[in-house]
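Trainee: Fit chain B to the given chain A structure using the hints.
So the sequences go chain by chain: A and B.
All residue numbers for the first sequence refer to UniProt numbering, where the first residue is 1 and numbers rise by one.
All residue numbers for the second sequence refer to UniProt numbering, where the first residue is 1 and numbers rise by one.
Read the hints as simulated data drawn from the structure, not as lab findings.
By construction, the Cβ of each residue, glycine as well, lies at the ideal position given by its N, Cα and C atoms.
Among the hints, a few may not be true.
To be verified - Derived lysine-lysine pairs resembling DSBU-like cross-links, with alpha carbons at most 35 Å apart:
id, chain 1, residue 1, chain 2, residue 2
1, B, 5, A, 280
2, A, 178, A, 131
3, B, 5, B, 472
4, B, 273, A, 269
5, B, 472, B, 189
6, B, 38, B, 189
Unchecked claim - A few chain A positions that, by computed beta-carbon distances, are all more than 10 Å from chain B:
id, residue
7, 46
8, 67
9, 86
10, 174
11, 252
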Amino acid sequence: MRYRVEHRTTYTYDDDVTDSLGIAYLVPRQLPWQQVTDYRVAVTPTPGDTASDEDFYGNHLTYFQVIEPHRELAIVGSGEVDVVAPLVDARRLDQPWDAVLPLRQPGLPGAWLATDLVLPSPAVPTYPGAKEYAAHSLLPGRPVGEAVTDLMHRIHADFEYDATATTVTSTVPEILAKRAGVCQDFAHFTLSCLRSHGLAARYVSGYLATEPPPGKERVVGADASHAWAAVWLGDEEWLAFDPTNDQWQNDRYVTVAWGRDYGDVPPVKGVIFTEARHSKLDVSVDVAPL
Amino acid sequence: MPVLKEYVAALSQPTLGTEATRYDEVVAPDGVLRPPWKRLAAVASGIGAGELSRVDEQIVRFLADDGVTYSRPGERPTAWRLDPVPLVVDAGSWREVEVGLAQRAELLNALLVDLYGERTLLRDGIVPAAAVLAHPGFTRIMAYGSRNDPRPLVTTATDLGRDATGAWRVLGDRAQAPSGLGYALENRKVLSRVLPELYREADLHRMAPYLWAFRSALLQSAHGELPDPRVVVLTPGTHSETAYDQAALASNLGFPLVQGSDLTVRDGWVLMKALGRLERVDVILRRVDAAWSDPLELRGDSQLGVAGLAEAVRRSRVRVVNGLGAGVLENPALLAYAPAVCEHLLGESLRLPTVPTWWCGDPDALAHVLDRLDSLAVRSIEGGPPLDGRPEILRRRILAAPHRFVAQERLPLSQAPTWTGGRTTGQAAPRPVSVRAFTVRYGSSYRTLLGGLGNVLQDGRTVASKDVWVLKAETGEPDQGLAEVMPVSSGRSLPATVPRVLEDMFWVGRYAERAEDLLRLLLAAHVLVEDYRSRPRTSGGLSLEVITGLIGRLSGRASDDYDEEFRSLLLDPERPGSVAQSLEALRDALSGVRDQWSSDVWRIFGVVDRAQSTLVGSPGSHQMAESAGRMLTGVLSLAGVTANMIRDPGWHMISVGRYLERGQQVRHLLVALTERHGLDVDREVLAAVLAAAESSVTHRRRYRDYVRPAGVLDLLLKDPENPRSLGFSVARATEHLAALPASTGSTRPERLLAALTTEVEETDVAVLVAIGGADRPNLRSFLDTAGAQLDRLAEAVADLHFATGPAPRRFGSLPTLEPVP
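If we strip away everything but chain A, and leave its shape as in the complex, we get (with noise of 0.2 Å):
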């Protein structure tokens, strides 16, 4: 599928900024399965100094400072993206889960790379509650697609999409406790769920392109930036799943960056200088089918 994307967000000040710094991971990720063309993010007001670099995690980011004074910031990512479903190797969703553990395993080829989603980070410590949740799914010797798959399932039933349960800040035992969350919680908790039993795993952070209802037209910028995770199974291969809609990636699925969690990873973020006592954010997401 081909995709025209559009990302934007605008910041709206009572009062004069003198100085705004930023980063923006909006750049989709080139990957064997995605093809990204003319994509670009642009900032008003003009930047006076802006850059672009690949972070740790290979991503692509755009730094940006604006000193002239403003009271608007408004930061749009836009650009066409090919996708098709990723192939995951089958021989490796039938290896047993416990056979790709990076810490347990460190000779595996690619483990030491693993290693980093492994270990609990700023937003997804180990949380006893999400390795006693996931328990139930990674049994002794199951194989890695089928577990995870079943560890999808239940918490895609177990848990309420809400975007009311819980806010940016949200902590795993709180999820775990309301049984409820947007995307992001529910890929945190499946990070959390994944890690404590040893699996690497990813935060993954993009586009889901919508259908409108049978017989409804599309409606713009109706979209969202979603957040999914991905699970290691060996070298450089992972599988890419969505706890929030139950499914495995597929050719809907605009891949942004991935990291840790989402702290690696924002759409935006940045630091202002300013006397200004509110703010307002909006954000609209469009993903067209082209």
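Mentor: Using the frame of chain A, we list chain B on its own:
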């Protein structure tokens, strides 16, 4: 008996055999002095307990006079402790350290390059990936492919100890912002003063050439070929644990001490806010931990860092020493792999052995550790002291996350004589010691300081420091082995132009004046107390009430008992408006700009602290006056220090603060004249006001003994020749303000001052003294107006000269706007 002889004798007693496994720094097992002490024996054996005790007291006083402090996290600063007995090491024994640490620094540099670059160590399994990646010092934002710095490490510190055989062992490395060099310099300064004969006899390596090498290493670490790179020392501020160390190092190197708010990033360059201009900074000697260094990419809630710093570093537009990723080297898990890493990266075997260490993430190491839990020291890879707890509790903690722990052999560290006890019971007792040693990159290799910071340990905690004397191999050998010594200018290389520095200077002036004026008022009041405390209804008693009322308006009233009340004003730093509080605030303001001062400034507090502790020890009215007098002497000595300062904006700002405060204080005194209490009472009050304003003598010369309100007002309000008058204060404030670079002649503070000057000049004393009932309404309204004007003036000075702009906020951290209907 001489202390040294006694120490030797005591060690040979079999009763002290419990410590027999330790290597003694002074005495060999056969009871003979070791070589370095043999050399010193002639002088050292002449030192008796009485003398060493006196030396110990002198050290305490010198350290207090220099304001040397250390604070443990979350605690108030405490006095730095220096043991009078140096740790003396001969050239041969230190050579092992010197060569070993030079290699180690090379190794740490190579490690840093590899961990943030190709990561061959992790890829090839020489260091387990989890041992590195689980450490918070591994800074992922410094591990982008785009960044590749071949020489990231400029300076290192390594803690060393000797094992039972006397061989040096590495206990741990400090790499991200090593502290201790400033303390080591101070230790040397003090010890060379209190033990001059021993110091001369020792023929040891002086530290100055190392500082010169350090300074040149920082200058040369700048990117590009800059003729005159600007170097700053970035401190978290006066409340940091090692604030003294940072300031001492900055001032010894001659580089300015700055805080995060003094710096800003533009177009990827780091700039210093200096008097309305922005000046480029090329090198930052960092004493802020990496996590707090950049609110954009690291901890977003940090107010200590500089937003955009990491990006400036990645673009090689500023050099941070040591780099933001260097904290990863402090991970004790790396100690377990040091020999293999050395072979892999340098192709050499490791010279200086490390204390045996096991990383629990390795299954074999874990099994070994669990077997020996009762004898090993277990610690987190994040650092800190060994964990307490019974073996089964430790076992559970380790097994929950083995990769987060290391276990280390408990070394019986060497022992050295350490002074304990007082004048009569004092003796040199053996105590375990460790040494923090330092290296700096010099030219193409690393150079080890011939010296260091010794630590005296008790139950694993540092209880005192020691100066480390490395003796020269032969007479005439150049200090630090550096033949060409260029003196480091120890003066200030930077004019005080940073807004925060100006602000601290302003408050130095204000608090010093405030403390001085209240002390004078207290002393004037004390005279009345002595005369009239038992005669409340007399005119004297009433005048006492008026004067204590003045004090009450400044600091409230805590007690009805005068002695109690005055003691509290002198001693209680928590009491708003008290002398003690002003002095505490003065100390804070001075600390914030410590690099701007000669160390003489800290004598103020040496004098004040001693006067205060005398008063604590012996209460009583007489001692109150005595102590207040000595505190006044201490405060007045600040003028002696400022008299010798460069006339830069900072110096002018001290005076602006001082004269604005003096104006407020004299105005406040004159409030006593606005009410009339009868001729006799008023005469006493006028006399006390004159005394408090240090103008009694002048008044007597001019008006004989005839004290009238008009004369007093003329002298204290208008007289342009009287340094204590409002008119004089306003005139001096005007001059000093005009000398500041941001002043144009028409800035708001200057306009406000001009208006006040006119008001003072044009006011007529005859009108002010006019009576309306029991009051002098004209005087009251004049004083009220002047007070308000002085307040506005101080605000205007702050707005114009100190403003550094708002603090950094994260995107989205401001409260959400209500949707507009």
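Trainee: Now look at each hint and say whether the structure bears it out.
Mentor: The hints, checked one at a time:
A C-alpha spacing of about 77 Å is found between residue 5(B) and residue 280(A), which places the hinted pair above 35 Å, so the restraint is violated. The straight-line distance between the Cα atoms of residue 178(A) and residue 131(A) is roughly 17 Å, inside the 35 Å bound, and the hint therefore holds. As the CA atoms of residue 5(B) and residue 472(B) are separated by approximately 25 Å, the hinted pair is consistent with the 35 Å bound. A hinted pair counts as satisfied when its Cα atoms are at most 35 Å apart, and residue 273(B) with residue 269(A) qualifies at roughly 25 Å.
Taken as a hint, the residue 472(B) and residue 189(B) pair is honoured in the structure, with Cα atoms around 18 Å apart against an allowance of 35 Å. Taking the CA atoms of residue 38(B) and residue 189(B), the gap is about 24 Å. The hint holds against a cut of 35 Å. The claim that residue 46(A) lies off the interface holds: its Cβ sits roughly 13 Å from the closest Cβ of chain B, which is beyond the 10 Å cut-off. The Cβ of residue 67(A) sits about 7 Å from the closest Cβ of chain B, inside the 10 Å cut-off, so the non-interface label is violated.
Every beta carbon of chain B lies more than 10 Å from that of residue 86(A), the smallest distance being close to 24 Å; the non-interface claim holds. Remark: the non-interface label on residue 174(A) is consistent with the geometry, its nearest Cβ contact in chain B lying 20 Å away (cut-off 10 Å). No beta-carbon of chain B is positioned within 10 Å of the beta-carbon of residue 252(A); the least distance is around 29 Å.
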